[in-house]
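**Q** Single-letter residue listing:
Protein chains: 2
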Amino acid sequence: MVKKYLMTPGPTPVPAAVAAAQTAEMVSHRGREFHELYQYVAATLRDVFGTKHEVYLLTGSGTCAMEAAVANLLSPGEKVLVVRSGHFGNRWAEILKEYGAMVKTIDVEWGRAVNPKLVAERLAEDTENEIRAVFATFVDTSTGAVTDVEEIGRMVNETNALFVVDAVSGLGATDYRMDEWYVDVTLSASQKSFMSPPGIAFLALSPKAWKVCERAKCPRYYWDLRKYRQWAERFETPYTPAVATVRALATALELMMEEGLPNIYARHERLARATRAGVTALGLRLFAINPANVLTVVRPPDEIGADDLRDHIARNYGVYLAGGQGQLKDRVIRIAHMGFVGPFDVVHAITALEMGLVDKGIVLELGTGAAAAEEILKEL
Amino acid sequence: MVKKYLMTPGPTPVPAAVAAAQTAEMVSHRGREFHELYQYVAATLRDVFGTKHEVYLLTGSGTCAMEAAVANLLSPGEKVLVVRSGHFGNRWAEILKEYGAMVKTIDVEWGRAVNPKLVAERLAEDTENEIRAVFATFVDTSTGAVTDVEEIGRMVNETNALFVVDAVSGLGATDYRMDEWYVDVTLSASQKSFMSPPGIAFLALSPKAWKVCERAKCPRYYWDLRKYRQWAERFETPYTPAVATVRALATALELMMEEGLPNIYARHERLARATRAGVTALGLRLFAINPANVLTVVRPPDEIGADDLRDHIARNYGVYLAGGQGQLKDRVIRIAHMGFVGPFDVVHAITALEMGLVDKGIVLELGTGAAAAEEILKEL
Numbered sequence: 019m020v021k022k023y024l025m026t027p028g029p030t031p032v033p034a035a036v037a038a039a040q041t042a043e044m045v046s047h048r049g050r051e052f053h054e055l056y057q058y059v060a061a062t063l064r065d066v067f068g069t070k071h072e073v074y075l076l077t078g079s080g081t082c083a084m085e086a087a088v089a090n091l092l093s094p095g096e097k098v099l100v101v102r103s104g105h106f107g108n109r110w111a112e113i114l115k116e117y118g119a120m121v122k123t124i125d126v127e128w129g130r131a132v133n134p135k136l137v138a139e140r141l142a143e144d145t146e147n148e149i150r151a152v153f154a155t156f157v158d159t160s161t162g163a164v165t166d167v168e169e170i171g172r173m174v175n176e177t178n179a180l181f182v183v184d185a186v187s188g189l190g191a192t193d194y195r196m197d198e199w200y201v202d203v204t205l206s207a208s209q210k211s212f213m214s215p216p217g218i219a220f221l222a223l224s225p226k227a228w229k230v231c232e233r234a235k236c237p238r239y240y241w242d243l244r245k246y247r248q249w250a251e252r253f254e255t256p257y258t259p260a261v262a263t264v265r266a267l268a269t270a271l272e273l274m275m276e277e278g279l280p281n282i283y284a285r286h287e288r289l290a291r292a293t294r295a296g297v298t299a300l301g302l303r304l305f306a307i308n309p310a311n312v313l314t315v316v317r318p319p320d321e322i323g324a325d326d327l328r329d330h331i332a333r334n335y336g337v338y339l340a341g342g343q344g345q346l347k348d349r350v351i352r353i354a355h356m357g358f359v360g361p362f363d364v365v366h367a368i369t370a371l372e373m374g375l376v377d378k379g380i381v382l383e384l385g386t387g388a389a390a391a392e393e394i395l396k397e398l
Numbered sequence: 019m020v021k022k023y024l025m026t027p028g029p030t031p032v033p034a035a036v037a038a039a040q041t042a043e044m045v046s047h048r049g050r051e052f053h054e055l056y057q058y059v060a061a062t063l064r065d066v067f068g069t070k071h072e073v074y075l076l077t078g079s080g081t082c083a084m085e086a087a088v089a090n091l092l093s094p095g096e097k098v099l100v101v102r103s104g105h106f107g108n109r110w111a112e113i114l115k116e117y118g119a120m121v122k123t124i125d126v127e128w129g130r131a132v133n134p135k136l137v138a139e140r141l142a143e144d145t146e147n148e149i150r151a152v153f154a155t156f157v158d159t160s161t162g163a164v165t166d167v168e169e170i171g172r173m174v175n176e177t178n179a180l181f182v183v184d185a186v187s188g189l190g191a192t193d194y195r196m197d198e199w200y201v202d203v204t205l206s207a208s209q210k211s212f213m214s215p216p217g218i219a220f221l222a223l224s225p226k227a228w229k230v231c232e233r234a235k236c237p238r239y240y241w242d243l244r245k246y247r248q249w250a251e252r253f254e255t256p257y258t259p260a261v262a263t264v265r266a267l268a269t270a271l272e273l274m275m276e277e278g279l280p281n282i283y284a285r286h287e288r289l290a291r292a293t294r295a296g297v298t299a300l301g302l303r304l305f306a307i308n309p310a311n312v313l314t315v316v317r318p319p320d321e322i323g324a325d326d327l328r329d330h331i332a333r334n335y336g337v338y339l340a341g342g343q344g345q346l347k348d349r350v351i352r353i354a355h356m357g358f359v360g361p362f363d364v365v366h367a368i369t370a371l372e373m374g375l376v377d378k379g380i381v382l383e384l385g386t387g388a389a390a391a392e393e394i395l396k397e398l
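Protein chains in written order, with my numbering: chain A, 19 to 398; chain B, 19 to 398.
Watch out, some of these pointers could steer you wrong.
Where chains are identical, the list cannot tell them apart; a pair therefore holds if satisfied intra-copy or between any two copies.
DSSO-like mimics (lysine-lysine), calculated; alpha carbons at most 30 Å apart, straight line [what the hints assert, rightly or not]:
| no. | residue 1 | residue 2 |
| --- | --- | --- |
| 1 | K226 | K245 |
| 2 | K115 | K347 |
| 3 | K115 | K226 |
| 4 | K245 | K347 |
| 5 | K70 | K97 |
| 6 | K122 | K235 |
| 7 | K245 | K235 |
| 8 | K396 | K22 |
Just so you know, the hints here were simulated from the structure itself, not pulled from any lab data.
Work out the full structure: start from the sequences and follow the hints.
**A** Here is the structure:
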């Protein structure tokens, strides 16, 4: 037996109490027990989103919520601006094109975050006010870089455009304030920092977004948010939700509220810092210029294939790291440290990389990376 | 404490082994363990569907799969024919209109099934071959009536139209043969006869449907089946699937294969017959003319409100029955007997109804319904 350690950026490990919550007797999604569950989850998510607005639950993945945002806000032919700084920024552009948007992009070198001033410039150039919305990614899980949502939000807020943020990665582990940052739509999902099984996505809309939603002209049924708003009044969803997953999410949110959001953010900050120190000590290069606290993306030495190293580590040491996506295929290794993670998850990743690198012929002293990580992990 | 019995038609009760399967360590949806899970589920679903074609897994509810079918097959302005014999037939019409179809309907009195000849007539009238697809519902859970999919399939097969069947209700508990019956698209979901938690929907397409799918012109991304077909080759889904729910479904399918489909169908047939005998003995009227084997819809005596009786039974006896939908609101009670059900589920429903009716002032001898049901349940 090789004991396995899941360190991929979604799904992430699920605490036993969260997993066990799924085994409670099944209940109807139209009854009082589900209503209580829904009410708790929706209210608690509002706190995590940093919003006073209602948060709606969709049964689906993060991409489901991304498409829901597009289908509910867009009318074909409208001009939109996409900040494209990774695989998931590219996904925004793909979905928007599929729905007939005139997609303008700000193409950012992968690994960098967009300079918020660029967004302001593009909006200023739009003298006819044709750009209806700006789409961005909080943390692009493909690059590990974090976007300055606060600063962009301030700039978009001075225009008529909506600001739509994919916060699938980052939300729940990093400070995020939808209302204060003037974000009009925020979406996320259960399987990353919320340490729950995949299957539930959630999103919230500002009153400005609701006005657009009400008159938008793309076809939408399953994720028609106007219906979700109606049904939310009785703490229900229009269609059968993933009841067991909602239970898991409720338990995960209870654990999160017990720890407290500031403590969660501090824990992720420290684990990220330790991971970065560890990989840097091993001579690996950080891919992101402004790395996020939820995952660390590294470039292995040029003479080693990233996927070959990753496979070797998974097979021999049971540590499952993620590979590169899109243009980064076989070029990077992605180490997740989000959700149900503690100091020793960092130790697993760093020591597994150490051993793997040595196995592959890289000259380094075993323990080098661990030592660097421990220096930070022991800060009490 | 009032011990609770869930007898609503989805979600339905989940066996302990199925619920427990969700608690296994989380795995990546891009790794070998998930591949094995996916492969088993997809292959076994093919047997249940009665198809040689690939079955694809969507994270979402049954409605998600219905909209996926529409978005993948339709181009705006195309003419379609919907057999509308209940709430879910009506949902087909709603989704199709949302996507710009020219929707023609065959409106069937709720509780009756469409006469297949009517479908043939409407297709024969379509001398220009404008009807691109016929949409029907295997069992409309709102009425409890079963549609003769086999006979309609034979008729549609003589035309160029596709035949699309919502089998969310019925599939897995009642004989169904997608290929033999010339069904082009069949869809279903995890939370009814598959005795799994809600969150996964599945659908299969004939080669004739694939041809239409490839050139259809509605926007689609999350449920673009062309991508599902590509990813299925490596036993994956394009976007993060509900991994824990897939595990549950795999375990449920194992239990189903152990029992054997003919035995499952016979069990449901007997339980349905016993339920019908029981409610009839209590003087309740069956709503469906040709009732399905997965649920029984009854009309309570005129002097009693259906929802009032239902609430009384839930509150006092812990038996949760479903109410009427759409035009049947407060007019019927729906008793599910699908999936993880045995003789005593029927006994619960019948005896709870007996006690409830007497509580509400109806004159009847306690045990009358139970006796009638037992006569059938004891057939070994």
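**Q** Go through the numbered hints given earlier and state which of them the structure violates, listing their numbers in rising order.
**A** none
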